[in-house]
Structure formats: structure tokens, C-alpha cells
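2 protein chains.
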Amino acid sequence: MKKVGNQSYMLENPVNIAATASIVGPKEKGGPLHQFFDQCLEDEFWGEKSWESAESKIVKETVNMAISKSGIAARDFDFCFAGDLLNQCIASSFGLRETNIPFIGLFGACSTFVESMLVASSFIDGGFATNCVCAASSHFCSAEKQFRFPLELGNQRPQSSQWTVTGSGSAILTKDGTGPFITSFTPGKIVDMGIKDANNMGAAMAGAAEDTLIRHFKDTGRNPSYYDAIFTGDLGHIGKDILIDLASSKGYNIKSNYNDCGVLIFDKDKQDTHSGGSGCGCIATVFSGYIYKMLQEKQYKKVLLMATGALMNSTSSQQGESIPGIAHAISIEL
Amino acid sequence: MKKVGNQSYMLENPVNIAATASIVGPKEKGGPLHQFFDQCLEDEFWGEKSWESAESKIVKETVNMAISKSGIAARDFDFCFAGDLLNQCIASSFGLRETNIPFIGLFGACSTFVESMLVASSFIDGGFATNCVCAASSHFCSAEKQFRFPLELGNQRPQSSQWTVTGSGSAILTKDGTGPFITSFTPGKIVDMGIKDANNMGAAMAGAAEDTLIRHFKDTGRNPSYYDAIFTGDLGHIGKDILIDLASSKGYNIKSNYNDCGVLIFDKDKQDTHSGGSGCGCIATVFSGYIYKMLQEKQYKKVLLMATGALMNSTSSQQGESIPGIAHAISIEL
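So the protein sequences, as listed, match chains A and B. Our numbering puts the first residue of the first sequence at 8, with every later residue one more than the last. Our numbering puts the first residue of the second sequence at 8, with every later residue one more than the last.
Some clues are possibly wrong.
In this list, chains with the same sequence are indistinguishable; a pair is considered to hold if it fits within one copy or across any two.
As the list claims (entries may be wrong) - As a list, the in silico DSS-like pairs of lysine-lysine whose alpha-carbon atoms are at most 30 Å apart: (1) K225 / K182; (2) K309 / K76; (3) K203 / K152; (4) K305 / K203.
Just so you know, these hints were derived from the structure itself, not from any lab.
Generate coordinates for the entire structure from the input sequences, incorporating the hints supplied.
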């Protein structure tokens, strides 16, 4: 490990991404990336009695699939790093209770997937682990029920709102392998832009994304053109435009090689998903499905993956609190 | 770092605990450890309009106090690791949004405080950090409201129930210093004993505590007598007795040098706290207040600190789910 600049880290021994897996719901099946996911479910329940149980099952099966693809025996994993959006992160803890792998629960809201890869990379490069599981999930129905309104009410959603992705992504990180490799990271800070509208998460998180992105460029001395592609987690259409403007105001033009996973996963015009996808499962599935395959096929050789999270709950919104954001970034290179 | 046994880790460069701080509520002020806490509040609001805001303020002031005691400038911290019991961990994210320190949010339910020290130790020993902040919190009123019943209802509480500690503990971990030192750790696995009673958390968590404790002894080749004192986080009176029995059944007698922070923090007979204290703040304040001072005064030279968490939420209980547990252990030595 070498600390570069103020708060970024170059890994001494780049960490290998040995395998990924992704399972998504029916809405994602109807989206433009459907052919990249390992499995698309026909409904939001998957044979379970509740949306929460369905989400746990999705996490469980996704992690099992990723472990299976990696060819590494479950007993040879040192740590599992995972989290989700449900209160007290129950999707992960119930979904992964049978793994028998030491478990480090994380909460970074929708930034959790990249947070898990960042922490796992530190454990592996620091010599504490050889093989790690990383995972995150979200579920449209369990999230709507918990954060907004019961779905049965059929509430209208404002155009700035985003559609929580039903799905889980999992990545297997190992000390040795042939890549793609995690080569550096810039951890996020909590940034509060004062936005209070829980139906405009993209705007609330854009400031945190800007903070991490600019620190990453300054710390590493890189420009946006260093990367073939830069992806954020779930800023959606509105947050994406704000981030492009914010970065531009700091002298960084990311317009040509930047996109957002929430923009990519749904068809805005045909799917009625307003500002785009969101949730821990958004960047988790788009990375594990689409971006990882693009890296394997050498369509991309250098990617900056930055997940964004909105740190709030329904009580804080009801109490008139603002919505602080956070963004964690990792570089992935062949 | 040296991995010992199957899943325990000896730190190559023991990590220094440079300072701790603790702030607790009025109930804890009335308990037997009151003189060890840095500050005892007169009421559960501390001038705020909601219990949630009060909890955030407690986290914020505790962390500021710990940083101040350490004498390290805030800008010289590499990471802050923190979490709490509120939905989406808002006590930590709102309380720490002004720190300007890279933030890694954790969720391990009541095991979060030791989880934060375990992860921070890995980052420091692995070369990723020099100075880290660790913190966790809970609040009796915000927890009751969220997990059980509105306090205004005045519901009766069964004898097996525990009393969530109002308070926050924070520890400053550094690469260099004169100790006490974190010397080894054993990360927890998710263990589900099938207990479904959310008013009997001690029983639900005891199995996870046993799993980690026995793995720690087997991995390190140590016996209970290696430690001057062994502390669990918040098993309470019932869970403590169960753990003593479970350990005994595996051939380890911990009766003479083991206690539980939830047992220590309240006076069972005079304070009507039934099975004892609980919550992330329980082990966080008892360690930061009492145990750390005992180490500084050389009353203890070798301590095993094991925090236990119950991985559930109110929805999972209503849906009839069991309550899986987890326990993370760290060794602290002079």
C-alpha cells in the first residue's frame, strides 16, 4: 500500500476480482442490460412469503453463485463483507447466515458494494485475507415499503424519484489471479448538501460524488481521460447531470467517458423509472453483470467505480433533516 | 499480521489505543459505573427536539472528546469506523457528518464497537492508516420506539428483556504509542440458535458468543486463564449464564474471570433493568469508561473484549423470523 496525496491509496499488490455474480428482478429483466445478468427473476417474491425474505434469498443465491464461479471452496474464504438497505441490514444477515464465513457487516447505503470491495482490498493487501466475498442488495418493494409508502397505495412518484433496483451483486476478491485488479481507492467522506427531498436522492448524493471524484484526481494526479470509463452508483439522470456540472466547475471534464449505473439499468422512456435506478443493488448488479464482463472482454481496461449513498431514514426525513451523502471510489484495471 | 489457527489473527505491530471517551444518559448515571464515564447527561434529550437527534449529538460530542483527548489533529485521522442501532445508522452518519474524516459505516448490531476496533486494527497493521476513530452508540428511547413499543404506551417489559444503554463510546486507535494495545482478534460468524423472542436477546446471542470464544481459544491455544478478564458486550444476566454453561460444556471454565458489560452497567435490584443493559452503547461505554481505565491503572493486563450483536429488525420479528447473532473478539494487552 502507498498512500498518495491526502486520502487515496495505491495497492502494493493489486487485488484480483476472481468472479462476480448477479441476480435481478423482473423490472431489470425488462431493461437494456438484461442479457448481462446471471439470472432474471419472473416476479418480486421468488417463491418467498415476503419481499424481505425474497431479498435475503437473492443475496444468498447470488453469493453462492459467485463462490461457485470462483472455484474456491467456501471454507477457504477469510471474510465476507456485505450490507443492504433494509433496517438493521437484515437482507445480508439472514441471507448469509449459513455461509459459515467470518462476517463484517457494512452500512454505506447505496455505496455499500464499493465500500465492501474497498475494505476487502485493504484486508487482502494488508495481509489479513486471501479470499473474500463482497456483496450488496436491494429490493424495490421492500425499499418502497420501508422508505416511502406501502406499494398498495399506488402513490404517484415525482419525476425526480428513482426506482430501487431489485437485485444483488457479489464479487469474489482474491490475493492471486489474473485480473481484473483493484489497483487503488479513495474512501468517501460524509458530505451534506442540505437537500431535504427524499424523492431527489441524485441531487443529495452528487456533492459527495464530486468530493470523492475530485480528491481522487488530485491525490493520484490523474485526469478523467486516464480511465476508459467512470461509473457512479445511482445518481440517476438528475444526479448525473449535476455531477458533470460540478466536476466541470472544478476543471474536470467527465462528459465523454462517464455514466451512471442508475441511468444504464433502465430505459427511461419505456420503463417509467423517472430519474433512473437506485439502491445498493444498482451498482452491485451493473458492475457484477455488465462492467465486469466488459473488463473481461477488454472493452474497458481502466475503470473508476464510484458508489454513492444517501445517509437517511424515514424518521430523519419526517423530522425535517437533510440527506447527507457519501461516495467510495475504486480503480479497476487489467 | 499472522493468521493463527483457522480464523484468528495476531497483529504484527500491536495497535495502540491512544484515548477513549464516553458519554451516557441519566439511567447509566444512576448505575454502579457512573464515576468512570466522562459525562453523564441529566435527561434523554440533551437539548435536542428528538431522541434521534440527541443520539447523534451524543456520538458527535463523544468522538470530539476522544479526538481531543488523543491530542491528534482531526485532519491527521485516516478513517472513522462507526455504526449504531438506528435504521440506516443515522446516529453515526448525522453525528459525524462534520468530521471531514473518510468514513466507513459499519453494522454489526450491538457488536459494532468491537467490529470497528477490529477493522481499524486491520487497516493500521496492514499499513493503510496511522490514526483511526472508532465509535458506536445507542439510545434507550430511540431504540424502544424503533424495535418495540412507543415509550408513551408504558408497556410492561418481561424479565428477560434488556435495557438499551443511552450512550456512546469512542476509541482512538493509532500505529504508535505506549498502549494498551490490541494484539489479536477473532472475527465473528453469523450463528442462528433459532431463538425468536425479541425480548430475550441474551439467549439469541449466546451461541454466537460461544462460537467466537471457543474459536479464539482453539486458534490461539490459550485458556480462559490467559486473560485477567473476559468481557462480553450485552448478553445480560440470562445470556451470561448461558455462555458460562456453553463454554463449560466445551471444556472451558470462564466463571471466575468473565463478566458482561450489560450486567456491570446497571444495578439489577435497584434499577429495574431486568436482564441488564444492551445496545451498541453498552460495551462501547463500559469499555471506553471502565475497562480502559482499569487497563491504564494496570488492574488488568490482558483483556478479551467480545461484543455480541443480534441481527434482526422489527419486521423480521413480526414475520416470525429467528434472531441470528454475531460476536467479534479482540485481545487487549499492556
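Structure-based check of all given hints:
1. In the homo-oligomer, the alpha carbons of K225 and K182 lie at most 30 Å apart both inside one protomer (28 Å) and across protomers (26 Å), since each shortest distance falls under that limit.
2. For the homomeric pair K309 and K76, the shortest alpha-carbon distance inside one copy (23 Å) is at most 30 Å, but the shortest distance between copies (43 Å) is not.
3. For the identical chains of this complex, K203 and K152 are neighbours both inside a copy (19 Å) and across copies (23 Å), given an alpha-carbon limit of 30 Å.
4. In this assembly of identical chains, K305 and K203 lie within 30 Å of each other by CA distance neither inside one copy nor across copies; the values are 41 Å within and 50 Å between.
Of the numbered hints given earlier, the model fails hint 4 alone.
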